[in-house]
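Student: One letter stands for each residue in the lines below.
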Amino acid sequence: MIVALPFGVAAAVLLGFILASMVRLGIGPTAADRAVALDTINTLVVATMILLGAAFGQVVLMDVALVYALLSFVSTLYIARYLEGGLK
Amino acid sequence: MNALIYAFLAIGAVFNGLGAVALLRFPDVYTRVHGATKCTTFGSIFSLLGVAVYGFAQGGGIGGTMAVRAFLALVFLLLTNPTGSHALARAAHRAGIKPFRAVVDRLEERR
Amino acid sequence: MRRAAEWTATGMFAFAVYLLLATFTGSLGLWAPDELIAGAVLAAVTALATGAFLWARGGWRLLQPQRWILFLIYLIGPFLVAMAKANLDVAWRVITGRIRPGIVRFNPGLHTEFGRTLLANSITLTPGTLTVDIDDGSGDFYVHWINVTDESPTPERVCGSFPNWARRIAE
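Protein chains in written order, with our numbering: chain A, 423 to 510; chain B, 4 to 114; chain C, 30 to 200.
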C-alpha cells in the first residue's frame, strides 16, 4: 500500500547509509568515535522515519520521529557529559 | 511540483551518503564530527523539505499535518545537531584525544 | 512584575509551539477545543517550570521583531550559501584526503549567550570549521579548523562576516 514510491526509495537509500554508519559504530577505536557514529545514525533515523511516514501516508510515524529527535539530542548530551569524565 | 520533490529527495540522499562516507573515511574523531554533522544536517534538511513540499501540495488535513510536522523536525534538527556535535567534540578533547596530525592546538596550550 | 512578564512570555511561546503541533485536528478553526484546553494547561505548567531561566542575561532583546526578520534573512541568505559550500568542501576533502587540521583560537567579541550560541552553531555548519570550546569568561572561541592557513587568525579569516551578523541579531 505504498502511496508515494519515491519516498520509499529514498528511505531505503537512507537505511543503507545507516548500515554503513553502523560499521563505524562497531570498529570505532575510541568511545568518542562510537558516540559520533550514534549521533549520525540518530539524525538519519529521524529523516528515514519522516520519509516513511510520507511514503505510507501515516502521520503517526512523524510524531514518533519528532519525539525520537528530542530524546536522541538529550542522550547525545548525556553521553558527551559522561565522556568528559563523569556526571558532576 | 513533482520535479521539485524529486530534486530535494535526490540532494538529500546524496549529502546523507556523503556524511556516512565521511564518517568512515576521515582519520580522527574531530574530522569525523565535521563530515558527519555538516553533511547529515544538510541532507536531512533537504529530505524533510521534500516531505514538506509533498504534504503542502497534497493539501487537506493529512497533507497539512505532514507539512507542519516535517517543517518542525527540520527546525529541530537545524538547532540541535550542531549543539550535539559541539558537545561531543568538547568531550573528546577533555577526554584527552589529540587531533590527528594537528599543526596547532591552542586549547591544549591553555591547560 | 518582572517575574509575571517572564512567565507570560514563556507560556505564550509554549502555547504557540503546541498549536503548531496540533494543527488540523478539529472544528474550532484549525484546532479542536480539547486540544486548546490541553495546550493551555501544558503551556502554563511549562511557564511555571522554566520561565525564570529562559530570559536571564539579556534574553529580552530576542523579543524585538526586527531581530527575527534579520535572522530569517541571515538564514536563507549567507548561511544557506555557506552551508552548501561547506558540504562541497567536505566532499572534496573526502575524495582527495587533503587535510591540515588544528585547533585555533580567536575572539569575536560577543558578550551575550544567545549571540555566542548562534555564532558557534553557524561556525559548526559552515566550511571547514567546528567549535570545540568557548571560554565563558573571556569569550574566546576554540575552533577545530580542517585546513589551517594561519595559526593565530582573525575572526574574519575563519568565519567571514558571521560575527557581525550574530551581533546584529542577538546583541
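Among the hints, erroneous ones may be present.
As the list claims (entries may be wrong) - Which residues of chain B face chain A? A partial, calculated answer using Cβ under 7 Å:
1. 12
2. 14
3. 16
4. 17
5. 30
6. 32
7. 51
8. 60
9. 76
10. 97
11. 98
The hints are simulated quantities; they were obtained by calculation from the structure and are not laboratory data. A virtual CB, placed ideally from N, CA and C, is assigned to each residue, including glycine.
Student: Sort out which numbered hints this structure fails and list those numbers smallest first.
Tutor: 2, 4, 5 and 8
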